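Those protein sequence lines, which keep their order, are chains A and B. Here the working numbering is used: the first residue of the first sequence is 9, the next is one more, and so on. Here the working numbering is used: the first residue of the second sequence is 1477, the next is one more, and so on.
Take these hints with a grain of salt, some might be off.
To list a few chain A residues with every Cβ distance to chain B over 10 Å, as calculated [as the list claims (entries may be wrong)]: (1) I20; (2) E70; (3) I85; (4) E87; (5) S88; (6) T120.
Only part of the chain A face toward chain B is listed, based on derived beta-carbon distances under 7 Å [as the list claims (entries may be wrong)]: (7) G50; (8) G106; (9) G114.
Just so you know, the hints here were simulated from the structure itself, not pulled from any lab data. Everything numeric in this text was worked out from a predicted model, so none of it was measured. Think of the CB as a built atom: it goes at the ideal place given N, C-alpha and C, for glycine as much as any other residue.
Here's the letter readout for the chains.
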Amino acid sequence: EAQVTQNPRYLITVTGKKLTVTCSQNMNHEYMSWYRQDPGLGLRQIYYSMNVEVTDKGDVPEGYKVSRKEKRNFPLILESPSPNQTSLYFCASSSPRGSPLHFGNGTRLTVT
Amino acid sequence: AQSVTQLDSQVPVFEEAPVELRCNYSSSVSVYLFWYVQYPNQGLQLLLKYLSGSTLVKGINGFEAEFNKSQTSFHLRKPSVHISDTAEYFCAVTPFFGNEKLTFGTGTRLTIIP
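Can you build the whole structure from these sequences, using the hints too?
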């Protein structure tokens, strides 16, 4: 089954404790992206990647890091999480331009 | 750069009534347009898309949308809604050329009243 898999689904952590949210897709997609969803703000792009070793900032990259060492994986790293990063995070992937994004089921992160 | 405006944050509709969810966009280049739906506690899934050709596009679950270039709009419609249509709906655009950034609107929460 074609899918984007994110882990974990839920995560509660404390300020400053490094964490990684994993994202993996099995569709051989070149393009991958991370979004955060906040009430009233819709989805805002954090980082995206056009292919292996090619990443770029989205609208709200501060406080986040990504890497794309393999085509299928695109982890999101929070080196020192803060409470304002409490949010619902989505990973997504797609193939040629104009193709729809395939989304993971989301990771709900709470930073206390 | 592009932007998307969904003016209605919440739309309550009686079951079996028609609905229109509005989407307007702004872009200096030609764009592809999408509508995504998010059911409670789930990720987003594609409802329909406009790439080129006929300006009226049909999607899943009986939804359709019409691309109006002069008004830079891409409104979503359904002639008769069901309880199962309760969800949040997002309009999104991405440019034909340049980066592949997909820009989302802030979403419209559709609530169906029995």
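Residue hint G114 of chain A, partner chain B, criterion CB-CB below 7 Å: holds (5 Å)
Whether E70 of chain A stays farther than 10 Å from all C-beta atoms of chain B, as the label says: Given that every Cβ of chain B is farther than 10 Å from that of E70 of chain A, nearest at about 17 Å, it holds.
Status of the stated non-contact between E87 of chain A and chain B (beta carbon gap over 10 Å): Fine: 24 Å to the nearest Cβ keeps E87 of chain A off the interface.
Beyond 10 Å from each Cβ of chain B, as asserted for I20 of chain A: With a cut-off of 10 Å, I20 of chain A remains clear of chain B, as the shortest Cβ separation is near 17 Å.
Restraint satisfaction for G50 of chain A [CB to CB of chain B, less than 7 Å]: holds (4 Å)
Interface-negative label, T120 of chain A against chain B, beta-carbon threshold 10 Å: holds (22 Å)
Supplied contact hint for G106 of chain A, tested at 7 Å Cβ to chain B: holds (5 Å)
Non-interface claim for I85 of chain A, where every Cβ of chain B lies beyond 10 Å: Non-interface label stands for I85 of chain A: nearest chain B Cβ at 21 Å, farther than 10 Å.
Non-interface claim for S88 of chain A, where every Cβ of chain B lies beyond 10 Å: holds (26 Å)
Going down the numbered hints, you'll see the structure goes against none, and every one checks out.
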